[in-house]
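Here the protein sequences line up with chains Z and C, keeping their order.
Quick note: the first sequence uses the working numbering, first residue 1, plus one each step.
Quick note: the second sequence uses the working numbering, first residue 1001, plus one each step.
Derived from the structure by calculation, the hints contain no laboratory data.
The model shown is predicted, which means the values in this text are computed figures rather than measured ones.
Be aware that one or more of the hints could be misleading.
Here are the computed distance ranges between Cβ atoms for each label pair [claimed, not checked]:
id, chain 1, residue 1, chain 2, residue 2, range
1, Z, Arg206, C, Val1282, 17 to 27 Å
2, Z, Glu145, C, Gly1122, 54 to 64 Å
3, Z, Glu237, C, Asp1059, 30 to 40 Å
4, C, Leu1010, Z, Arg206, 33 to 43 Å
5, Z, Gly79, C, Pro1260, 21 to 31 Å
6, Z, Phe40, C, Thr1193, 55 to 65 Å
7, C, Ala1444, Z, Val14, 16 to 26 Å
8, C, Ala1271, Z, Glu145, 51 to 61 Å
9, Z, Ala118, C, Glu1279, 30 to 40 Å
Partial selection, computed: residues in chain Z whose CB lies under 8 Å from chain C [said to hold, decoys possible]:
id, residue
10, Ala59
11, Pro112
12, Ala168
13, Val176
14, Met180
15, Ile184
16, Thr266
17, Gly281
Glycine included, each C-beta is placed from N, C-alpha and C at the ideal position.
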Amino acid sequence: MLEQLVKRRYWWFVLSLVMILPGLYFLLLHPLITTGQPRFGLRPSIDFSGGALWEVRFAERAPGELGSSEVGAAFAAAGFDNAQVQMSQVDLDGTPIVTALVRTRPLNEQTPLQDRQAVEAALNEQIGAAAIERLESVGPTVSQESTRSAVLAVVGASLMILLYLTWAFRKAPHPVRYGMCAIISMVHDVVIIIGVAAIFSTFNPRFEVDALFLTALLTILSFSVHDTIVVFDRVRENLLARQPDQEFGDLVNHSIVQTLPRSINTQMTTFFTLTALLFFGGETIQNFVLILLIGLIVGTYSSIFNAAQILVVWEHREWKNWFGRGRRDHEKPATV
Amino acid sequence: MRSREIISILGIVIIAALALWINLAPNQMALGRDVSFRLGLDLQGGIQVLLRANDPDVDREQMEIARGVIERRVNALGVGETVVQVAGNDRLIVELPGVDGPEQAVETLRGTGRLEFIDSQGQYLPPGAVIRTTGSPNPALPEGIEEIQSLDDLGPVFESITDGADLDTSAVQPAFSQGGVAGSRPAVSFAFTGESAQRLAAFTARNVGQPMCIVLDNVVISCPQINAALRDGSGVIEVNDVNDRDNILNQLKYGALPVPLVVETSRSVTATLGQESVESSVIAGSIGLSLVAIYMIAFYRFPGLLATLALALYVLMSFALYRLIPITLTLPGIAGFVLSIGLAVDANVLIFSRLREEYRRGRDIHSALEFGFEESWSAIRDSSVSTLITSIVLFIFGNSFGVSIIQGFALTLGLGILLSLFTAVVVTRTFLRLSTPIFRDDRAWIFGIDRTKPAVAPSTAEAI
């Protein structure tokens, strides 16, 4: 099976497509179908949309006894209409404590303290002793700037990596290809992750795209390139010692197989640390770690099954055959 | 054993000892500085706010003055590790870790500053003392002073003679007082308008020769003696030297903020929530590290053990650097650190895989080792640089965000990469080289390598 890694490349490309399409559906089509407006199926956090996030603990109420509508009513009484409330509970020294995560409009710029006090008063009066454990408020200007910086960061990082890879592979034939292929497989990972985020946004009300999600995305991006480089490095090395009769596809396949133990072992160790973080690292960073975990798996997949294969496609210029004679015909030279 | 290895191992031992010493330093002091962990707002509780000048034409100088004013007020709160810095053209970032009632604290910060002249009942109040006035009877209590636990401990409520709103700041000018007992002295001229001017005139007329205290934000600035009645509400404050004059001038003129500030963004977390996060990340970090160690030893045997040792050194050095630089640890920062453990291991995995491969190809252990290092270096280098690029981009981007959490992540990740390069290239290599003398072909299993099995990766060309 291992010698099929390159030969079956179009199978893997189709598999990637199968992983990408559901995400794209929930990112682009699902919001269009359900709301009738073209928009992205991602739930932006207050970092990007502006607004306030409150985490309130109710020490006097038993879990299950307090409904989200009751909390929402208290916020409305304090001047925060349309508050979105999610109830959950945390264990504090064995006692379950009711917690509410509430999303509202941002605090008033001039009188934030009064806003907070109004909510505190309303909660205490209508529900009972309430402690605001966390309160984040982001104004609209900042959130717009954040969105802009976010896009800049992703594009900037990609460009820098492309430049570096072109330089690092300058001794291999066609150095730009390595950079481009690394970027293509990186874009593949990013698209899958954004798709996953869209699916999460649709089905999990607690998931949202925040500054941390972006951090995770950029980390995945760099780890994906990291994995791809290890494979490409082997390709480069084998190319320099290439036998005249060795087929390029075979050489690439050989390189992938040679780096396989390393790819899997690295994946395993990172998998362990992230899983530990996922289960014990606390609720605040759970989404962050989950996205990182999925991203690392996808990144390893694409470095084994996609990146180097694209290199082969490029070497053979196979796209010339895509719409002409069909796939079957051109695959032959790679296998003979 | 060559002398190069001896020097390396000596260096490693010295670095390890240094790191250990910094981590275990008594009273958290080492190399003449405080080396306790700095915890971010999300871990120790507190508030971060982004204040924006509510005036589109604000200039750099005004922002600097506003920063100075806010900084003085922050210092008056008496909390440690505070941050006040100008961000962009019209914003100030203020971070107050570990304060209770964080929103209240911020409210005092961005207040316009209350300048009052008070009737001190004939006393010369010490400058810097926090007092209650009729204009502002409930000031924030100064922290860290044992005798002051409640408002009552601050003493009586002094009567305010003037209201800061009535001060004509354009009339606040440096001046020299003529005559007087001490001759010509530096002074600051000021003028009040409206009701405050009338009250000031009446009060000074009654109390010539008595002190009158100038109070800014409930803190006594100075208590000059009234030399003559201030009939039109204007006068001069005589001071001892030019420094004092500049201080008072600034306080009077700018004690009120040069621009009104609004709270654009605020993030506050209570200390309880932060404490829970610290506990959970410590648990997660230890479990993750143990799993990695077990896996590495099970898979790579003796080299795995050496890698675990190198990893322990890596953790030790990271902590020492976090304390020394210092780096403020946030929750994402800890995640970045835990992630960097994976990277640190990766460099070792690359080397060991290569070592196994070369050994199976029939090389003896020494040359397999050297080849393993040499051939894996380019992969380690290129992958580290690309991750470094990302962390730099994240750092810059995190800065424009005005959010320190992302920078914390980028910083620990970037530092982790640099350190892991050191542990992989220097530490693991030295350990392995030093341990080759104990290697024998019949004990190859200790090294997790085995020549009897064929290489994992037969070339596909041969296989077909």
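Of the hints given before, which are not true for this structure? Structure breaks hints 3, 4, 7, 8, 10, 13, 14 and 15.
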